[in-house]
Amino acid sequence: MMKKAGTERLSMKYRLQDRYYSDFNTIDVNRLPGRSYFIPYPSRSSLEGIGLLEKRYRSPLVRCLNGDWDFRYYNDPKDLPLEFDSDSIDFDRIDVPSVWQYRGYSHPMYLNVRYPFAYKPPVIPTLEPVKNYFSVLDGFKKAPADEMNHVGLYRTFFEITGTTGTTELTGTTNNNERYILSFLGVCSCIEVHVNGQFAGFSEESHNTAEFDITDFVKEGRNELVCVVRRWCNGTYLECQDMFRNNGIFRDVLLRISDANDIWDIDLKTRGVGEAYSADVTAFIPDGVQVSFTIEGTDHDGNPLKQTLKAASVEGEAKVTFEDLEVQRWSAENPVLYDLYIESPYSCIHQRIGFKTIEVKGNLYTLNGHKIKFKGVNHHDTDPKNGYCMTPEQIERDLRICKEFNIDTVRTSHYAPDPLLLELAAEMGIYI
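Position one of the sequence shown corresponds to residue 1 (the working numbering), numbered consecutively onward.
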């Protein structure tokens, strides 16, 4: 339950966790289980007129914390204080999302298959500079004088009032509100603190990391402090041929929901003759009624709509749509259908396609036809912002692919922004 506003001083004291990033036995601490990506809205009507590029930023249930944050760069990790009062730090300012190599801190680095430090798993550089070392792949390497495990310290503030989130929508106080912080991309790892308290830690830099901060927030002004390190033990698993950037490089979201609302969703489709069926599951506390609707146009051009309802049992509300006479999705015919999943607290809207993939001997077939992919590798790369790409830039990249008859994208070498997958489905691009 969220704390009431008090007379606490605005600056906070912090004690950093300096062991997780170099501990091979730790990948995350307090990170919530992974789940599918979706942006909930209060109701189906509130989704009307919301385009795909703006969907993430228009929901009253999801607040984007992007903007100018306080930032302190430590070239030498020994200079990072492990205990401090947040107002004692001499902060610069940096835009989030961004990477610090493209904001005047450190320098961009490209590597192919070798590591940026001596290969001695599970050891990574912590406080000492990278020394000259021998690489089996390309011989003796001389390390630059400033080659260290740099650290970025971030701070921002956000407000929570009596009319925040679901309370604002119902007009009544909601003691079941849940506050989830979502980091869509941070390299190489992130340590999260809220109002002076440790909230969690995560690696896997291109995957979403979420933390439940309900017990740490209060009405009024809240302080968020994050520590990002250049390298962590997970860096051993991220040695691919690409530019190496660091920072909070994708959106930061504050998700506000009822604790009894949908946590995750699952969809599985399968062809049954000329028709399809769809198994849809909403993961939600027991006893909550959920409505599922699929809408679109069938293969004869007629309106198609089916609605099913189910109450959650053992944490799952499940339905199966049968005999869906849908058009099949392909790059040449990227037909999508609207899936609405509605609970008493929110509405989730997903665009879904129906297709059949089979491997027959040496042939890969889509919807019964052999297919040859004409594709490219895609990196999240911008000449001025490194890993950080806007929704418009992601859409531009995929549109250029279509204009040059490229029908396939390999998301090398990591999970992309979920928006790229949604846009690919809309445009007709195989992933």
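To be clear, the hints were calculated from the coordinates, so they are not data collected in a lab.
Incorrect hints may have been included.
[Said to hold, decoys possible] Keeping only pairs whose Cα atoms sit at most 25 Å apart, straight-line, the calculated DSS-like set for lysine-lysine is: (1) Lys355 with Lys370; (2) Lys218 with Lys268; (3) Lys55 with Lys268; (4) Lys55 with Lys78; (5) Lys318 with Lys355; (6) Lys384 with Lys372; (7) Lys78 with Lys13; (8) Lys372 with Lys402; (9) Lys360 with Lys374.
The model shown is predicted, which means the values in this text are computed figures rather than measured ones.
For each hint, the structure was consulted:
Restraint check: the Cα-Cα separation between Lys355 and Lys370 comes to about 13 Å, which is no more than 25 Å; the hinted pair holds. About 40 Å separates the Cα atoms of Lys218 and Lys268, which puts this hinted pair outside 25 Å; it is violated. Restraint check for Lys55 and Lys268: the C-alpha separation of about 24 Å stays at or below 25 Å, so the hint holds. At roughly 42 Å between alpha-carbon atoms, Lys55 and Lys78 are farther apart than 25 Å, so this suggested pair is violated.
A hinted pair counts as satisfied when its Cα atoms are at most 25 Å apart, and Lys318 with Lys355 qualifies at roughly 21 Å. Pair hint Lys384 plus Lys372 does not hold up; C-alpha atoms about 35 Å apart against a cutoff of 25 Å. Taking the CA atoms of Lys78 and Lys13, the gap is about 19 Å. The hint holds against a cut of 25 Å. The hinted pair formed by Lys372 and Lys402 meets the criterion: a straight-line CA distance of about 16 Å does not exceed 25 Å.
For the given pair, Lys360 sits about 20 Å from Lys374 by alpha-carbon distance, which is consistent with the 25 Å threshold.
The structure does not agree with the numbered hints 2, 4, 6 stated previously, though it agrees with the rest.
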